[in-house]
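Asks: Chain by chain, the residues:
There are 2 protein chains.
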Amino acid sequence: MAINKFEVGERIVVKIKDKSYEGVVMPSPLKAKDYLIIKLNSGYNLGIKLSPEVRIEKIGMATKPKAQEIKPPINPKLPKISIIATGGTITSKVEYTTGAVEPLINPEELLLATPELLDVVNISQILSPFSIFSEDMTWVEWQKIAELVAKELNKKDISGVLVTHGTDTLHYTSAALSFMLKNLGKPVALVGGQRSSDRGSFDGAQNLICAGHYLKSNLAEVAIVMHATTNDDFCYAIRGTNVRKMHTSRRDTFRPINELPLAKISPSGEFEILNKNYKSRSEGEVLADTKFEPNVALLKYFPGASPDILNFFVEKKYKGIIIEATGLGHVSTNPKQPRNWLGAIKKAIDEGLFIGFVPQCIYGRLDPYVYSTGRILLDAGVTYLGSMLAETALVKLGWVLGHTKKLEEAKSMMLTNIAGELIDKISPNSFLY
Amino acid sequence: MAINKFEVGERIVVKIKDKSYEGVVMPSPLKAKDYLIIKLNSGYNLGIKLSPEVRIEKIGMATKPKAQEIKPPINPKLPKISIIATGGTITSKVEYTTGAVEPLINPEELLLATPELLDVVNISQILSPFSIFSEDMTWVEWQKIAELVAKELNKKDISGVLVTHGTDTLHYTSAALSFMLKNLGKPVALVGGQRSSDRGSFDGAQNLICAGHYLKSNLAEVAIVMHATTNDDFCYAIRGTNVRKMHTSRRDTFRPINELPLAKISPSGEFEILNKNYKSRSEGEVLADTKFEPNVALLKYFPGASPDILNFFVEKKYKGIIIEATGLGHVSTNPKQPRNWLGAIKKAIDEGLFIGFVPQCIYGRLDPYVYSTGRILLDAGVTYLGSMLAETALVKLGWVLGHTKKLEEAKSMMLTNIAGELIDKISPNSFLY
Numbered sequence: 016m017a018i019n020k021f022e023v024g025e026r027i028v029v030k031i032k033d034k035s036y037e038g039v040v041m042p043s044p045l046k047a048k049d050y051l052i053i054k055l056n057s058g059y060n061l062g063i064k065l066s067p068e069v070r071i072e073k074i075g076m077a078t079k080p081k082a083q084e085i086k087p088p089i090n091p092k093l094p095k096i097s098i099i100a101t102g103g104t105i106t107s108k109v110e111y112t113t114g115a116v117e118p119l120i121n122p123e124e125l126l127l128a129t130p131e132l133l134d135v136v137n138i139s140q141i142l143s144p145f146s147i148f149s150e151d152m153t154w155v156e157w158q159k160i161a162e163l164v165a166k167e168l169n170k171k172d173i174s175g176v177l178v179t180h181g182t183d184t185l186h187y188t189s190a191a192l193s194f195m196l197k198n199l200g201k202p203v204a205l206v207g208g209q210r211s212s213d214r215g216s217f218d219g220a221q222n223l224i225c226a227g228h229y230l231k232s233n234l235a236e237v238a239i240v241m242h243a244t245t246n247d248d249f250c251y252a253i254r255g256t257n258v259r260k261m262h263t264s265r266r267d268t269f270r271p272i273n274e275l276p277l278a279k280i281s282p283s284g285e286f287e288i289l290n291k292n293y294k295s296r297s298e299g300e301v302l303a304d305t306k307f308e309p310n311v312a313l314l315k316y317f318p319g320a321s322p323d324i325l326n327f328f329v330e331k332k333y334k335g336i337i338i339e340a341t342g343l344g345h346v347s348t349n350p351k352q353p354r355n356w357l358g359a360i361k362k363a364i365d366e367g368l369f370i371g372f373v374p375q376c377i378y379g380r381l382d383p384y385v386y387s388t389g390r391i392l393l394d395a396g397v398t399y400l401g402s403m404l405a406e407t408a409l410v411k412l413g414w415v416l417g418h419t420k421k422l423e424e425a426k427s428m429m430l431t432n433i434a435g436e437l438i439d440k441i442s443p444n445s446f447l448y
Numbered sequence: 016m017a018i019n020k021f022e023v024g025e026r027i028v029v030k031i032k033d034k035s036y037e038g039v040v041m042p043s044p045l046k047a048k049d050y051l052i053i054k055l056n057s058g059y060n061l062g063i064k065l066s067p068e069v070r071i072e073k074i075g076m077a078t079k080p081k082a083q084e085i086k087p088p089i090n091p092k093l094p095k096i097s098i099i100a101t102g103g104t105i106t107s108k109v110e111y112t113t114g115a116v117e118p119l120i121n122p123e124e125l126l127l128a129t130p131e132l133l134d135v136v137n138i139s140q141i142l143s144p145f146s147i148f149s150e151d152m153t154w155v156e157w158q159k160i161a162e163l164v165a166k167e168l169n170k171k172d173i174s175g176v177l178v179t180h181g182t183d184t185l186h187y188t189s190a191a192l193s194f195m196l197k198n199l200g201k202p203v204a205l206v207g208g209q210r211s212s213d214r215g216s217f218d219g220a221q222n223l224i225c226a227g228h229y230l231k232s233n234l235a236e237v238a239i240v241m242h243a244t245t246n247d248d249f250c251y252a253i254r255g256t257n258v259r260k261m262h263t264s265r266r267d268t269f270r271p272i273n274e275l276p277l278a279k280i281s282p283s284g285e286f287e288i289l290n291k292n293y294k295s296r297s298e299g300e301v302l303a304d305t306k307f308e309p310n311v312a313l314l315k316y317f318p319g320a321s322p323d324i325l326n327f328f329v330e331k332k333y334k335g336i337i338i339e340a341t342g343l344g345h346v347s348t349n350p351k352q353p354r355n356w357l358g359a360i361k362k363a364i365d366e367g368l369f370i371g372f373v374p375q376c377i378y379g380r381l382d383p384y385v386y387s388t389g390r391i392l393l394d395a396g397v398t399y400l401g402s403m404l405a406e407t408a409l410v411k412l413g414w415v416l417g418h419t420k421k422l423e424e425a426k427s428m429m430l431t432n433i434a435g436e437l438i439d440k441i442s443p444n445s446f447l448y
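Protein chains in written order, with this note's numbering: chain R, 16 to 448; chain L, 16 to 448.
No lab work stands behind these hints, which were simulated from the structure alone. Mixed in with the good hints, there may be bad ones.
Pairs count within a copy or across copies, as identical chains cannot be separated in the list.
[As the list claims (entries may be wrong)] Straight-line C-alpha distance at most 25 Å; calculated BS3-like pairs for lysine-lysine:
| hint | residue 1 | residue 2 |
| --- | --- | --- |
| 1 | LYS332 | LYS362 |
| 2 | LYS92 | LYS170 |
| 3 | LYS351 | LYS306 |
| 4 | LYS170 | LYS95 |
| 5 | LYS64 | LYS426 |
| 6 | LYS170 | LYS306 |
| 7 | LYS420 | LYS159 |
| 8 | LYS86 | LYS170 |
| 9 | LYS351 | LYS331 |
| 10 | LYS86 | LYS166 |
None of the values given here were measured: they were computed from a predicted structure.
Isolated chain R (complex conformation) (with noise of 0.2 Å):
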């Protein structure tokens, strides 16, 4: 039997031996076309090669969901928040149809999955501006959804907006908000899910719920809510620019970075503050300062990295670069090394780009005063950005040369505390949280 014998969408039994599997037919990459891949009930997918020994029986076609239209229920005693859906998995579910992870037809739909949010919180309004995947965001998507925070937030009764949002490139989007928000007085969550809500172990759920609570509380600070552990017990709040994804696969994937989550939230509403350092609520209108420079660039330095990099982004005008330094903040400098970066980055200061430098081992604080390498790099006009993440430099770089294209200004900005992201003492027990 062959595999084109099949068509995606097809429910079929398979049998292999005393086994049998009920799933729908895939569509199959090229690269695995000796394959029939079916989707299994458990939302799994298996891999099965034909040979003599399987058997296939076609059972019928998977049916096509219809959006469902869901009106929330308005409880008097609970504040109200809004939602604004972007997509992702958290807002998608297996479409059986073409085995792959799609957009719900509806935003609405999540709460089908998640009903208890409702006794959590009202849910003023779901507005979904686009459902893209978040590794296809970029500063333009965040724009929109800072305005839109902007927005919501500026309504009298709105306690809280909760962004629901890929997880792949969340912690970027985290940190454009937390620059873009000037004068935050409530507090925003983003939430995303390692599961489609059609799963089992959909995660999404309890992310949402922990928000819900989030939303409810004293902390006027962007952050990430999503699980703190693999099991479905609490969440974590993390700072909005001291966020990582850490984990391709794991639901406790988001990780603080050198400092203390915010707060640690139990799906029952046990709300415990683990970080004391935070913004509270304040009155006054919060407006959505979103300029932004797109030609700004991250680079990751490694041991023979050519320096024709840094020339490369020279000649296409970009604005800045934020290098992930090893160390405490070094590349290579040696002039007996052909491929040092000694003069490049020169160059490129002298062109008038910033060029700041992070840290590549994610942990920690660079310190240019230690080696001689630092002292070159320094006197050379590199920034060097304390503990900042590779993210959030890259995102605070853009949004301060939307602000200024005078580098000293541009400097000074970087290296003055805007949403958290220059931390003055690292905590001790936050290393591998």
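Dock chain L against chain R, hints included.
Replies: For chain L alone, coordinates are given in the frame of chain R:
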């Protein structure tokens, strides 16, 4: 009193109110020209802004130490190792005449700081092919080290080889030796220090002693042997292909990624195997197989990143690129997004470049089958490298392309396990270990 009144190398006492600090004047970087920087006797630097409250007394000049001739004694009961000293903090001390951290005049001086190593092993000799900061290392140095290690290991009476090295890029070198040392039948330990040998908190001593124990063991693996915790209690030996510098300054900076450390080793010689997946000692000649293609690069994808960077590497005749992709292995492929990477990736592959994806998350494994983005990129010819570390993948790619320029053969080698870099089953307990 002006700062230029003081000469570098002068020993002074600074009195501020009722406190007094003794130290040696260090060179001040241009950016800190208003500060007098002194190296305290503790090894720490202090920056002092001159004011009428600050009083300074000159008490002499620091003296430059002489090179010391050291002939390690031989204990006939202990096995013999060779040491290859390449530079870095572990073989450095603060040079009190200039204030900078500088290489030991004689690599043998290392033994002055760590006489206990001689209770564990005999030192056959200390070779020092060069003495450079590890940020200055390239494939050329990796090749030299691999050749020296192989030569020493092939001596009948040598139990193993210890390589001392700066920590900044130690994990790149450990990966390089893992691939270059073919038919490895004895242990190789890479050791660095986060504090120089004149500091009270010198970590190199414990690291060297634990490495001595490692080189007597049955594990014929290239491993980084360094502090497991911030206490001076024990070390981990971590496989050279699955290890990363994760903190800029902590002594327990090297962490295993996606698998447990090979062993836990205490300075007193307690030795516990934590990971049973290791190669045992074996007979036969070790071969330094060091061919390497230098035109390979490591790129990190970020939201809004321009695909032009790939075209740059194509034009520069690069042979392969490792991309740190988001989540399960994604970059933007959305045709509506002007900076999507699909076209540039296809073009690079058409031109014969190897394009391999690794996790930007660091921990976990890629899976191109879950989302349509992954399937599209797989069909475009991207090679998904599972859970391989970016640093290891870059080094492996240079090594593989040093052996073949055929794209299909390179792909197949990249997906064949050579030195434990392809992990069958990720240990759930290894996350943030």
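Asks: Take the hints in turn and mark each one as holding or not.
Replies: Here's how the hints hold up against the structure:
1. LYS332 - LYS362: both (13 Å within a copy, 24 Å between copies)
2. LYS92 - LYS170: within (18 Å within a copy, 80 Å between copies)
3. LYS351 - LYS306: between (43 Å within a copy, 22 Å between copies)
4. LYS170 - LYS95: within (10 Å within a copy, 75 Å between copies)
5. LYS64 - LYS426: between (58 Å within a copy, 22 Å between copies)
6. LYS170 - LYS306: within (23 Å within a copy, 65 Å between copies)
7. LYS420 - LYS159: within (23 Å within a copy, 46 Å between copies)
8. LYS86 - LYS170: within (20 Å within a copy, 79 Å between copies)
9. LYS351 - LYS331: Answer is between: at 23 Å across copies they meet the 25 Å cutoff, but 28 Å inside does not.
10. LYS86 - LYS166: Result: close within a single copy only, 22 Å intra versus 75 Å inter.
Hint compliance for this structure: every hint is met.
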